[in-house]
Amino acid sequence: MKNVWKLSLVLFLICAIVAAVLGVVNELTYRRIDELQAQKTAAAYGAVLASSEGYETLCDQAFTVSANGQKVKILCISRANNGKGYVVETEVSGAQGNITMVVGVNLLFQCTGISITRHAETSGLGANAASTAEVGVNFRAQFKGQDESIALTREGGAIDALSGATITSRSVTNATLAAILAVRDLA
Amino acid sequence: MMEQLTRLLSISLGAILINNFIFSQFLGCCPFLGCSNKVETAAGMGLAVVFVMGIASAICYVVNMLLVALGLGFLQTLAFILVIAALVQFVEMFLKKMVPSLYAALGIYLPLITTNCAVLGVVLLNVQEDYNFIEAVVHGITGGLGFMLAIVLFASMRERIEFSEYPESFKGFPISLVTAGLLALAFMGFSGMKIF
Amino acid sequence: MNFRKQLKEGVITNNPILVQQLGMCATMAITTSLFNGIGMGLSVLIILTACNVVVSAIRKIIPGEIRLAIFVVVIAGFVTIVDLLLQAFIPALSASLGVFIPLIVVNCIIIGRAEAFCQKNTVAASFVDGVTQGLGYTVVLVAMSVIRELLGSGRFGGGLIDLARGLTLDGTGAGIRIFPEEFGAGILTLPVGGFLTLGFLFAAMQYALKKSAEKKEKAAKKLKKEEASEA
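Residue numbers (the working numbering), protein chains in the order written: chain A, 2 to 188; chain B, 967 to 1162; chain C, 174 to 404.
Residues from chain B that face chain C, not an exhaustive set, calculated with beta carbons under 8 Å:
1) C995
2) I1047
3) A1051
4) T1081
5) G1087
6) Q1094
7) L1143
8) M1154
Taking lysine to aspartate or glutamate pairs in the DMTMM-like style, the calculated list, with each CA pair at most 25 Å apart, reads:
9) B:K1137 / B:E1006
10) B:K1063 / B:E1006
11) A:K74 / A:D35
12) A:K72 / A:D161
13) A:K72 / B:E1095
14) C:K384 / B:E1131
15) A:K74 / B:E1095
16) C:K384 / B:E1128
17) C:K391 / B:E1134
18) C:K383 / B:E1131
19) A:K41 / C:D335
20) A:K41 / A:E57
21) C:K178 / C:E288
Because the hints were derived from the structure by calculation, they are not lab data.
Since we're looking at a predicted model, the values are computed, not measured.
We put the beta carbon where it would ideally sit given N, CA and C, even for glycine.
Please model the entire structure based on the sequences and the hints provided.
Okay, structure coming up:
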């Protein structure tokens, strides 16, 4: 029995040392990590709806919107301080887990651009939606100027799906639609 | 209520078929390749994994809530792996005393589960996907079922491959990997499936 | 200390992946671009070396009964440190490797080396072992990445190399295009490709090891014959 106490003491001590070291490393890095995250979000905001005067958060309580039968989570809606429109953060389930993306919507309830901030789609297929290569840029460019009638070409709309990634394309389209609907309801 | 049920169904189907832990996420490949010589051992390993993944998902959900509440999110990996190691030990002792028949069946596979990345993987994914308690447990159990399905299928294929002809350099491990690749190809067919 | 011998062991004759068959999950999962392959390889190299040193330094004071638990704690500690550092300084790599960074904890290579080597050897030898085994791991990852990327999407060095900017660490390098993407066997970039590529690499390794063993045997036989004829 005495042995058990000794063993647990040793294990506890080692855990404590490791935890302390991790605490120090965390202390050193967390500010930078938060900053990077903020920068990334800011860059995404700027890419979809530029506003040199910044953004004002209108609603950061997540709620769901149904777009073409798919549930889309609206995480946060902000207004651009230059009066050009709104920026919406959305989350939608793609082919392989959730896709988080930022959608810009102008005062005519048209999409001004989209930017995918997090996803786990299949590389080479669905992941192209977020890629910086030509195929990704062209895919995302189609969303600019789309309004509530947004849909994939096979469903009568104007968005060409990525080849081999209909589900991802549909999710991104539905998330954009949900963002437009959410802004319209709010405005 | 109905919505919750469809969501659970979607998580289950996803974990078993569409995002199968082995064939699309590469979690748990070591035991998958190591313990699949015979169908019986494969089934035993699969069962043990279902068991541990289910319980680990539940406990780690609570542990994660505690860590987040205390602002110690960076200790996640450390806490999870300790929970899993302790859990495996505990399950082993419990089964040995209470259900000796199951203990005998699972035998040496239990301790091996500690280093099965599917178990750590599922609890990390639960956190990443922001699942609630019930969803996390369902994800854990069905993920284990997906692992079991994969390993049993694979073991039965390997038993047959033993007797077929192939280049000598492929003997043993390489041919198993190629077989697993073809199996993964079949599982890719599920990736078009989506409930909603 | 015999660095060259250990290097040869780590990279070729006792390669952690191709010979010891350890740590395959990440090997197949993340080798879709050179950026990922090198990033993962170097992360594992650093963690492995650090764990080897610590484990061999404390090998005399840890009780045998709970040594595995202690190894796991030490490994988890280093993995979290690397994870945090990557998030802070190379966020693109951290995003692209995702859950596979924390999963290095259960990468059998690290716990395997701790158990098989560091428990019985000095700190210096364990350090060298960490570096050489880590290099062996990295070499295989790089080979897999290059093969899958080249045949799958006709590129070389995606994420890491950009013709206009040289080396890029933010994961946005376009890589060098060898042939148009349409002609690539896209399947190699999918999970299936991971299994197939590793299978073929394994087969090539078995073939090479067998050939060199045969060669040695022949040479030995020849030597014996000569000795016999001299006698």
